[in-house]
Amino acid sequence: MSMQPLAGRSRPDSLADVLERVLDKGVVIAGDIVVNVLDIELLSLKLRLFIASAQTAQEMGMDWWTRDAFFTSQNGEGNGSARSRLQGWRDDQGQVEAGDDDLRDRVAALERALSDANGHAEQRSESSATRRTGGHEGAKR
Amino acid sequence: MSAHTRRGVYAYGLVRSGPVDLTGLAGVADAADVHLLTRDELSLVVSDVSLAALDLPEEELSENGQLARFAVAHDEVVRRLFEQTTVLPLRLATVVADEEAAAQVLADSAPRALARLAALEGHQEWAVRLRRRGDDGGQPANGRATNGSPASRSAAHGSATNGSATNGSATNGSATHGSATHGSVADTSSVNATARPSGRAYLQRRRDELRAAQEARYREHVLLDDAHDALAAHASESTRRSEGHGEVILTAAYLVPAQAEDAFLAAADTQASVLATAGVTLEVIGPWPPYSFAALDAEEKTHA
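Chains as they are written, first to last, in the numbering used here: chain X, 1 to 141; chain C, 1001 to 1304.
Hints were generated in silico from the structure; no laboratory data involved. Since this is a predicted model, take the numbers as computed values, not measurements. It is possible that part of the hints are untrue.
Selected chain C positions facing chain X (in silico; Cβ < 10 Å) [as the list claims (entries may be wrong)]:
(1) Leu1036
(2) Leu1037
(3) Val1072
(4) Asp1075
(5) Val1078
(6) Leu1092
(7) Leu1296
Listed next, with one range per pair, are the computed distances between beta-carbon atoms [to be verified]:
(8) C:Leu1036 to X:Asn36: 23 to 33 Å
(9) C:Thr1005 to X:Asp32: 49 to 59 Å
(10) C:Gln1259 to X:Glu41: 36 to 46 Å
(11) C:Arg1219 to X:Ser115: 50 to 60 Å
(12) C:Asp1208 to X:Asn36: 13 to 23 Å
(13) C:Arg1133 to X:Asp32: 47 to 57 Å
(14) X:Leu42 to C:Arg1200: 47 to 57 Å
(15) C:Asp1269 to X:Ala30: 36 to 46 Å
(16) C:Thr1005 to X:Ile33: 14 to 24 Å
(17) C:Asp1033 to X:Asp32: 41 to 51 Å
(18) C:Ala1278 to X:Glu41: 14 to 24 Å
(19) X:Gly31 to C:Arg1207: 51 to 61 Å
Note that beta-carbon positions come from the ideal geometry of N, C-alpha and C, so glycine has one too.
Model the full assembly from the supplied sequences, consistent with the hints where possible.
Below, the structure written as structure tokens:
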């Protein structure tokens, strides 16, 4: 069977668009009168996975089902906020790590400044060292 | 009869009874001839197929697979009808046992099908797909809002690099205490000069980011609604589906009467340029036979 008719249209539409329409739309004749030759529901679902994996594989990762209405009673909104919460959490992680770097730098700088200085330095650098082991870094390592 | 020899009547679409040119159509699978089954005012476009030929392996779902050829063949018949008359496309793989059963389908659906055909007359379906541009397909608003943090993070890394450079010079000149001290003091003051990461500032920044992201989502929402409304104004009916938060954010279909087509496409161009400023691309796909408006029972269709 030729793919010719697809090319002749005024604007290009992909095979995925055709498949989506013929699988997902159109009049459904219901009842015993119909011979079930294909599991259209299943094919329709597979098609969505196929399209999704082809188009957005990179950004979708493993969470394709969070956007499929078939799998979620929520609308996109709900999924979005869950997603943005996750993103927010990731950002937080990043910022905590960045904060750690900041603190480590500052502690290092203070220690250097204090190491050449006088007797009081002993105490302070000790306390900053204590803070360091007790603080973020201790928890991290 | 074995499964291999069983045959059925494959149905493509419903049309009002009348002359239709179906010559040269291949039909799906091993279909022999695409023809009309007529009962009073309504006709079913069918072909005789073997059921075994329609039994596709599930792995066939690919660009070149059997299912794709099947779908294209189905669409080809529907399009041929669409070019000549008003058609109600049937869903792929609608098969009944024999022509008697097909006559039953015609009898059962006649009143609803004829009413629907009247509503679809002189219309084409146009699909519109809105995509969010950009690498961060998921959350561009969020991405924009958090732009500050990678910047501040790299600033922190910058000072860290400075620090280690100072450290290096201190190690090199371990004998000359003076220069080492000088370097460290300078470094400390530069750290103090950049924003000291306090908990309060962090929370404030987070709150601002979240609010900005929320506002951006809201603005996008309004933008999509406006675009959809502007297009639906030229359509007799429309459907829309939000696509969650992937790259595609909205899929919509419009049932556009022939006389409104130019206005519809012009509106689509206008909306495309409006949306472009917000980083959203608008794709127009069509024209299609009215696949998205072919439900017999008035389902959740938005009447514009």
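Hint check results:
1. Checking Leu1036 of chain C against chain X: minimum C-beta separation of about 16 Å lies over 10 Å; hint violated.
2. Given hint, Leu1037 of chain C at the interface with chain X, is violated; its Cβ is 13 Å from that chain's nearest Cβ, farther than 10 Å.
3. Taking 10 Å as the C-beta contact cut-off toward chain X, the hint placing Val1072 of chain C at the interface holds, the least distance being around 6 Å.
4. At its closest, the beta carbon of Asp1075 of chain C sits 5 Å from a beta carbon of chain X; the interface hint therefore holds under the 10 Å criterion.
5. For Val1078 of chain C, the shortest C-beta to C-beta distance to chain X is roughly 8 Å, which falls under 10 Å, so the interface hint holds.
6. Look at Leu1092 of chain C: its Cβ gets to within about 4 Å of chain X, closer than 10 Å, so that hint holds up.
7. Interface hint at Leu1296 of chain C: satisfied, since its Cβ lies 5 Å from the closest Cβ of chain X, which is below the 10 Å cut-off.
8. At roughly 24 Å, the beta carbons of Leu1036 of chain C and Asn36 of chain X sit within the given window of 23 to 33 Å.
9. The beta-carbon spacing between Thr1005 of chain C and Asp32 of chain X, approximately 22 Å, falls outside the hinted interval of 49 to 59 Å.
10. For Gln1259 of chain C and Glu41 of chain X, the hinted distance range of 36 to 46 Å is satisfied, since their beta carbons lie about 38 Å from each other.
11. For the pair Arg1219 of chain C and Ser115 of chain X, the beta carbons lie near 53 Å from each other, so the given range of 50 to 60 Å is met.
12. Roughly 56 Å separates the CB atoms of Asp1208 of chain C and Asn36 of chain X, a value that falls outside the hinted 13 to 23 Å.
13. Checked against the hint of 47 to 57 Å, the C-beta distance between Arg1133 of chain C and Asp32 of chain X comes to roughly 49 Å, which is consistent with it.
14. Look at Leu42 of chain X against Arg1200 of chain C: about 54 Å separates their beta carbons, and that is inside 47 to 57 Å.
15. Evaluation of the 36 to 46 Å hint for Asp1269 of chain C and Ala30 of chain X yields a pass: the beta carbon distance comes to about 40 Å.
16. Under the hint 14 to 24 Å, the C-beta atoms of Thr1005 of chain C and Ile33 of chain X, about 21 Å apart, fit the expected range.
17. A beta carbon spacing of about 27 Å between Asp1033 of chain C and Asp32 of chain X contradicts the range 41 to 51 Å that was offered as a hint.
18. For the hinted restraint 14 to 24 Å between Ala1278 of chain C and Glu41 of chain X, the CB-CB distance of approximately 36 Å leaves it violated.
19. At roughly 57 Å, the beta-carbon separation of Gly31 of chain X and Arg1207 of chain C lies within the given 51 to 61 Å, and the hint holds.
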